[in-house]
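K.L.:
Top line first, the protein sequences correspond to chains G and P.
Quick note on numbering: the first sequence equals residues 0 to 426 in numbering that gives the first Met the number 0.
Quick note on numbering: the second sequence equals residues 0 to 137 in numbering that gives the first Met the number 0.
Accuracy of the hints is not assured; some may be wrong.
Stated by the list, open to error - Sample of chain P residues at the chain G side, in silico, Cβ under 10 Å:
id	residue
1	Ile10
2	Asn24
3	Ser26
4	Ala27
5	Tyr29
6	Asp30
7	Thr59
8	His71
9	Ala74
10	Ser75
11	Ala97
12	Phe98
13	Asp105
Unchecked claim - Simulated pairs of lysine-lysine, DSS-like, Cα-Cα distance not exceeding 30 Å:
id	chain 1	residue 1	chain 2	residue 2
14	G	Lys305	P	Lys44
15	G	Lys305	P	Lys35
16	P	Lys44	P	Lys8
Claimed, not checked - Chain G stretches covered by chain P per the calculated footprint, using a threshold of three residues with CB under 8 Å from any CB of chain P:
id	segment
17	44 to 58
18	161 to 174
19	222 to 236
20	396 to 405
Worth flagging that the hints you see were computed from the coordinates, not collected in a lab.
Backbone N, C-alpha and C define an ideal beta-carbon position, used for all residues, glycine too.
Here's the letter readout for the chains.
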Amino acid sequence: MANVLLADARIPSTGIVVRLTDEERAMLAGQLGVVRRWAIAHQIAVGEFFDAADFVPVSQAHIMADTESLGEAGVRFLETLAAAPEAERRVRVPAITDPRGLDFAVYRRLGQTPQMAALEQRTIEALRAFGVLMTDTCINYQTILPPVRGEHMAYGDTGVVIYSNSVFGARSNFEGGPSALAAALTGRTPRYGYHLDAYRRATRRFRLTAAPRDLAEWGALGGIIGEACGSYWEVPVIEGVETVPGSDALKHFGTALASFGSVALFHIPGITAEEAVFAEPAPAPVTIGDTEIASFLTRYAAPDDKLDVVVFGAPQLSLFEMEAVDAALDGRRVHPDTTVIVATSPEIKHAADRLGLTRRIEAAGAIVAQGICFYQSYAREMAEANGWARLMTNSAKLVNIIGGYGYRPTLASLERCIHSAIAGRVM
Amino acid sequence: MPILLHCHKGIGPAVIGTALVAADNFSARYDLDRSKGVFSRPSHKLFGQSYANRILVLDTSKGGVATAWMLHEMASRRIVPKALIFNRVNPITAQGAAFGNVALVDRFDGDVTQLFRTGDELRVDPAAGTVEILNRDG
Chain G
0 MANVLLADAR IPSTGIVVRL TDEERAMLAG QLGVVRRWAI AHQIAVGEFF
50 DAADFVPVSQ AHIMADTESL GEAGVRFLET LAAAPEAERR VRVPAITDPR
100 GLDFAVYRRL GQTPQMAALE QRTIEALRAF GVLMTDTCIN YQTILPPVRG
150 EHMAYGDTGV VIYSNSVFGA RSNFEGGPSA LAAALTGRTP RYGYHLDAYR
200 RATRRFRLTA APRDLAEWGA LGGIIGEACG SYWEVPVIEG VETVPGSDAL
250 KHFGTALASF GSVALFHIPG ITAEEAVFAE PAPAPVTIGD TEIASFLTRY
300 AAPDDKLDVV VFGAPQLSLF EMEAVDAALD GRRVHPDTTV IVATSPEIKH
350 AADRLGLTRR IEAAGAIVAQ GICFYQSYAR EMAEANGWAR LMTNSAKLVN
400 IIGGYGYRPT LASLERCIHS AIAGRVM
Chain P
0 MPILLHCHKG IGPAVIGTAL VAADNFSARY DLDRSKGVFS RPSHKLFGQS
50 YANRILVLDT SKGGVATAWM LHEMASRRIV PKALIFNRVN PITAQGAAFG
100 NVALVDRFDG DVTQLFRTGD ELRVDPAAGT VEILNRDG
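The shape of chain G in the complex, shown without the other chains (with noise of 0.2 Å):
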């Protein structure tokens, strides 16, 4: 399969409607080596699909490359692609990843396989060949470099895309792992969708009566307004945010809304980046408010079951979060029938190594992971292994993601996760 990619490079035949620059036709004529041939013509084909006129430079990408996604068949073509000479297969701007497969340091203790290690060492030295830093983390606005207002990025995350386009009003689609590669070779991707100003106007309209508690609310919020919403092309704006929110309570409310409706931009006025300008005249809101809220974490409800493991991630957590992990345990026992997951970008176990923190969560029976996200991580094997079936999580975008793995997922707060954890049911 590599090969035959790199060979017809997906060449479109029936003529190309995506405006093209010098060095852009040279790319796709193979000038500058099999790699950004490739590169050019796979985006050329998806600029096609979305009506592109041309390209426009990107200042960063971000790729994911779980191996879980990749496969044998996809860590063979990174590495096909990786074995051309070093100046044809170098990123020509910084490339960032997004959480792996496994965490070296723990993936035995998760039920992970020595094959598993082995593809994912693979992954990575493929990766590096191209020059992309191996950050592992879905939270790289929060940890690496944030983007500026205006500034055109191919991020392969849908959390880090909603985001980046909300909050700092940043400019990316969802470019998914095969396309941030070829973003970063080529250095530019498709203008289309959220590149252009049209397609960020707001199109819904929600007013919130309810102030969200916790995480998992604002989870739940976006949950709520991402199965309303239910499409890529769909841009909301949330009314009646009284009070600012701060940036973690966005990232869970972002990555839900990304997850339930494929939505890659909102509007919070006078709290995201950009005024929330309507495309047609503005629509009656909906209303949501406690009882919405209330609803959808009950459509997860669970009580009393026996509890096989509680996640934290998806997105990974921040240092306060991390800090408030070790404050809910308060230094005691997890139950020894639940697992208990605490999954972090490497920076942030880095912080929280020198601040204590993973030496307490860890000695109150707790698994620190880096670079990990819980669901990009063979779950399905990982519930076979360990016999999971009930899991617990503050993150509404991973009760989304998880029951198709085979899980009976429940949403509740970090502190109610904790103390179902420590009774070993769901509290």
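Here the structure of chain G is known, so what remains is to put chain P in place on it, guided by the hints.
P.N.:
Using the frame of chain G, we list chain P on its own:
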């Protein structure tokens, strides 16, 4: 005369196959057991059904970015839909179809989950932007 429907120009090869239709959405990560080739999300309207070698007709794509790699991985094992037909997709599905060389079309004049029925024999031509229903008369 077969029924001929027009859509936006798509991605991937022209194919003929049997439709599997639902008024629901699609994510390779959220909805599928890719090892078994079935829909595994309990709340999905196609839960338990095989998608292998079928032409999936659904409303839109949803959720995360994994589909961009996964269609390619599924194609490498030949447990993959023959084509994807949507009302409108997000970029991830288009990127995944382009990378995995899976036929994809969207943007019809009408709701695809109403235009097509499970069991329809379809000829999908992404380059032409057309889909023919071969076993029904117009």
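K.L.:
Of the numbered hints stated earlier in the document, which are not met by this structure?
P.N.:
Going through the list in order, the structure violates no hint and respects every one.
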